[in-house]
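Asks: Those sequence lines, one after another, are chains A and B.
Counting from 1, position 287 in the first sequence corresponds to residue 459 in our numbering; the numbering is continuous, with no gaps.
Counting from 1, position 568 in the second sequence corresponds to residue 740 in our numbering; the numbering is continuous, with no gaps.
Wrong hints could be hidden among the right ones.
Chain copies aren't distinguished; within one or between two, either way the pair holds.
Result set (SDA-like, lysine to any residue): computed pairs, CA atoms no more than 20 Å apart in a straight line [to be verified]:
1. K796 with A266
2. K458 with K648
3. K890 with T779
4. K787 with P455
5. K410 with P795
6. K787 with G826
7. K622 with E476
Calculated directly from the structure, the hints in this document are not laboratory data.
There are 2 protein chains.
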Amino acid sequence: MARKNETKKTTAQCGSVTLPAESGQEKVVLDLVRRWGADAIRDSDGTQLSPELLELDRDIYSTICLVRADQQYPREHPEHIPQKFLMSAPVTAASSEVTIDPMSAYFRQKYEINKKADPKKWWEVIDRTSGEVVDPANWEFDTETRKVTIRNAQPFHVYTVNFLVHQIWDSTSMYNHLVNNWTKPHVICTEPYPPEARKHLMEYFDKWLAEHPDTRVVRLTTLAYHFTLDSDPTGADKYRDWLGYLDTITTEALEDFAREKGYRLRSEDFVDEGYYNATYRVPSPKYLDWMAFVQRFVIGFGKELVDKIHAAGKKAGIFWGDHWIGAEFYSPGFQEIGIDVNIGAVEGGVALRRLSDTPGPQTKEARFYPYFFPDVFHPGGNPLTESIANWTRIRRALHRKMVDRIGYGGYLSLAARFPKFIEHVTTICNEFREIQEQTRKTPSWKAPIKVAVLNAWGKLRSWQENTSKAEKFHVKRPDIIELGGSNLLECLSGLPVEVQFLSFADVERDGIPRDFSVIINDGDAGSAWSGGRHWANPKVAAAVRAFIHRGGGFLGVQEPAAFQHQGRFFQLADVMGVEKETGNSNLSAPVRFQVVKGHFVRDDKFTALDFYADKNYVFCHDPKTQVLWADKTGRHVHLAANRFGKGRSLYMAGLPYSLENSRLLLRALFWLARKESALKKWFCENLNMDCAAYPKRRRYVVFNNTGEKQSTVLYDGKGNKSRVTLKPYESKWFSMG
Amino acid sequence: MARKNETKKTTAQCGSVTLPAESGQEKVVLDLVRRWGADAIRDSDGTQLSPELLELDRDIYSTICLVRADQQYPREHPEHIPQKFLMSAPVTAASSEVTIDPMSAYFRQKYEINKKADPKKWWEVIDRTSGEVVDPANWEFDTETRKVTIRNAQPFHVYTVNFLVHQIWDSTSMYNHLVNNWTKPHVICTEPYPPEARKHLMEYFDKWLAEHPDTRVVRLTTLAYHFTLDSDPTGADKYRDWLGYLDTITTEALEDFAREKGYRLRSEDFVDEGYYNATYRVPSPKYLDWMAFVQRFVIGFGKELVDKIHAAGKKAGIFWGDHWIGAEFYSPGFQEIGIDVNIGAVEGGVALRRLSDTPGPQTKEARFYPYFFPDVFHPGGNPLTESIANWTRIRRALHRKMVDRIGYGGYLSLAARFPKFIEHVTTICNEFREIQEQTRKTPSWKAPIKVAVLNAWGKLRSWQENTSKAEKFHVKRPDIIELGGSNLLECLSGLPVEVQFLSFADVERDGIPRDFSVIINDGDAGSAWSGGRHWANPKVAAAVRAFIHRGGGFLGVQEPAAFQHQGRFFQLADVMGVEKETGNSNLSAPVRFQVVKGHFVRDDKFTALDFYADKNYVFCHDPKTQVLWADKTGRHVHLAANRFGKGRSLYMAGLPYSLENSRLLLRALFWLARKESALKKWFCENLNMDCAAYPKRRRYVVFNNTGEKQSTVLYDGKGNKSRVTLKPYESKWFSMG
């Protein structure tokens, strides 16, 4: 075993950390600013920084969400309150007349029917049994009862009403009222699209800038449109899409769209049978057109704000949340806005990479969880456990792609009641600064493997969680839809490989670029993540096959390349050697198999591999397929390897995040890339530990991802092995000697 | 508790039982004929009955399968060997030229390419990536190499060849060679469609009749076309559809069909992307047309044979197996054939009801399993256990609808080596005769509940197993596809309710007749059993809703009424109050629920209810839905009750056969029919026991379905309760007193 040179800790005690201020809690704030070494203080909406805080001479971030800043304007101009299309609850007609209360399924404090826009022009009543739109002559909206009555209905057909509402309570404000017991007046937003409203907002912003001379960074939260969050009659979550463009509707914009595109969008183009173009779904061309239209508006609106910020001598930061729709960090026009600081909420490795991989010259600041709010910081709450779990996953990802700053949000006074948590965050801040110090932000070593994650969204939604049908059944709180998403990405976020996201449109246009080693396709059948109808596009299927045939790797997870077409459900069944039984071929015999144990991919100290699948109905149809893992009956395939031309493929039933599964994924990528012999370059034999090398700094780090002491044989990049033993969660730096 | 009057056993020692003869085993046969009380002996193909057997003066059944009787004719007329379309294994083109060996996926001893029928006219080469048929100018079949070469192929598209073969080895003969080690020459069949072949077969049959003067019943096995059974290169099962019409192809019949129907069928209409119109699939209109065409031919052919049999003073029996395609017992023309005895293979309650419920005046004879063949009757084999399990299920069904006779098949000499089995069958024969004696074939009491099982096949495939996608994963033997099918029907077969089978076409035409109480729809999404696209037919959906709304019951099982259409996957989600998550609505919150324990349906001594479902992704969307059972996480709905208008509905995730599940189904039907108070009329409190009442004979029977002693409180139809205790599997008869 070779000698190791541990590097000295030389961490700066201050820097790269942003904290929120809190009125009336100056002492607490001062104390935590010092302990955590914060060099910036965030002055939230309405908070005035005290003289003591100003004296600290830290950078001051001031937050503004312009569309919800001025509460007087929308109250005086109710026509400029944001709008959206909703679909009523479906109602089954028991006779030829049926009455529908469009609002019955929604929270009446949040929405108000738009009665100015002619219902006969903008609404649609749809027979959901036949799929036909009901002739407007056959229905009436009664402005008194606010109900729709349909005449000449077909008995026992189901009817819905698509209707237009104003949203009279901002979703974030409502969340804080209901979950965090806020009692302030309800926040109402202003719709920025109509020129009159936009003009007012700009004037308001000029005034705001003038009133914030001490502000160094204007933190926009965010620009124009809130992500979609609808509420049921009790105020609980009904529908939530963090990436949804449904709160972007004005009749003015719809008219402009029609002029520009030459076709009109209908209410049903948004309502989408009640599925609301959820990000899970393969996006329709019309929805993509609308997204592009909204993005162009938001970019122009955002640029106007940022230009004002720069003219005032300040920097512009943008927070990836709340009203961020239309300003996606990976969208083609985002750089035009001129933002200086990208701020992202980060709860794990995927979210960290979502931020750290963003293109552009922006400073990248990760706002960590838990947020200091009563939903976690209440007597009996356990912020420490959540924070440790988050940090462990974030650290894995940080060592693959760094960010520039970290920060926290919420009420410091709440956090201060949890001394162990305070101590733990002190460690995080110091460790973050140590990483910066040791690496000087030089890139970490990567294996010679470049991975493309292929889905319908591609680069636009890089490192976006792949919400699956399982999400609905992971309910943790009765009032909130909490989404986890694909855990394969969490495994991937901490691996030393290059990762890019490709869309089917990219592949159709350009094929698979030669520099990729492995394509991953991971998702439920029919979803944007798996790809749905795109797999019936011969150009896509042929391009992916060509890539594999000439030596590429394909990793299909869950229901990869799945679309029922021409006798196959898995369109790449020929590549993968496995197919999913949906019943159509249940009378055909599968290939009988024995699970193969001696294979590079599973040749590690695995004790608890878990593919989040029991009966997944995947069978083997190619006798040369090697099944590496099956369900307990030995019939359903959970992991299978195959060869195709010069290339290789692996099927996995699913990949929840765990250290074992992360290691499995690493081995899978090396095998798929035909680089097995290169695995043990920078490598910890103990799969509970990781290492990262920074060649430009000639340093490397080894870290322990668990709450127990761990010891490993370390491969140091030159073929030398040595032993490293670390305390729980510890990381240790070494020079390359 | 009331007094019970046990009736005397007065069973005839002989009658209602058919046994096979066996050459050279006269003593064994004689012994078993006497022990089992057989009144008929089956003289299988080629067996000559000995004088001793003839002296017994039993009825003689002689078996003939006419299309495979004469082995000389097809060898001399190879153009009259049966034909079919097969699809080659899919081959992925790696360049613009690709060569396919059509036979590579098939057993070469079984099929021979039809080289006379012009491939360019009858075959199709299909690009399975684009779905396009390849221009015949771009491919050639080489009659020397027997391979197809495609030119101008699209690289990395997948190609298949639909081709026409003669089947040069009968499927049943092949099965017996490979499984039961037969060594006789391979049987080759004659295709009866061409007039010349038909003429020959009729002459052969005249001669055969003349040569069988002692025969009392001609047992046809069967008429014209074998069910579909294709074999992979090793001879193992590749595809098996007991109801498939794929072995019915001649170019003559295809030409006649085109003339009659005005449109031509293509090879692809049979190949069906490689799914071969499996019975599982919702049948296409073209396939239904072909079935009707084949049925008309087979009925005419069968009637010609039966007329000859009757003219010879004999009776005609028909065995539901082997070459029975086109002569389905429930098909509209079946009665025209003039058959006297329907013989069905019966392994459980579903198969028994399939036979006993057949319309028409035929004598109904059940041939029980296990068949006396070496696959079961080998040293170490256990025919006894299989027979007990079968008989227990059959007896439940017999008491709902009787048959006239029972029988066995195979080699008696093999059975004779298992004395406990012999003894057990003696019991079965005696118990069967006792039922006949006690009931005199009068009908048993039924609850005032009439159930319709609704699927795409309806009456034609009454009591046909609902093969599900799970079938493929129940592999018991590597060489054979063994199908079990829906176990809900097995539960249902023994319940005292009226059952009929309805098709969607019936419902579209007539609605749901008023005399039904409950509709059951049970199957995988997209299957013929669930209904697939039929649920997007507004007439069907509205008729079913109307039935329920006016007071009917709906029992939806597995994926009922499932078809993605207009924002719903379960089209009757409004009725059932539950919906299945396929991902499209994963961002919408479900209704949160608590499992309701106090409900009539689950109010019994259940300890092991099993819905054959773990994560089934079914959620509750109607707050008034009562969830009665969920998976272990409490999120996935396994049993849920709802109300709709005056009617009721239940959703069940699945219903494997067990005594508990049978009881659950009984309670479900009473609840759905709104007849809860009528449940305990004829009723055993102990769910391991059953009773059946025969009002016309003023007798009733109680039986024990388990291998343990059981005791129950019995409700005797008049409100009296009494206790009955029975030995393992025992049944006891009582008079109504």
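Asks: Hint by hint, say whether it matches the structure.
Replies: Okay, the hints, checked on the actual structure:
1. K796 with A266: Answer is between; shortest inter-copy Cα gap is 18 Å, intra-copy 57 Å.
2. K458 with K648: neither (35 Å within a copy, 50 Å between copies)
3. K890 with T779: Cα proximity of K890 and T779: none, with 29 Å in one copy and 62 Å across.
4. K787 with P455: neither (29 Å within a copy, 27 Å between copies)
5. K410 with P795: Classified as between: cross-chain Cα gap 13 Å, same-chain 47 Å, threshold 20 Å.
6. K787 with G826: Result: close both inside a copy and across copies, 12 Å intra and 14 Å inter.
7. K622 with E476: neither (38 Å within a copy, 72 Å between copies)
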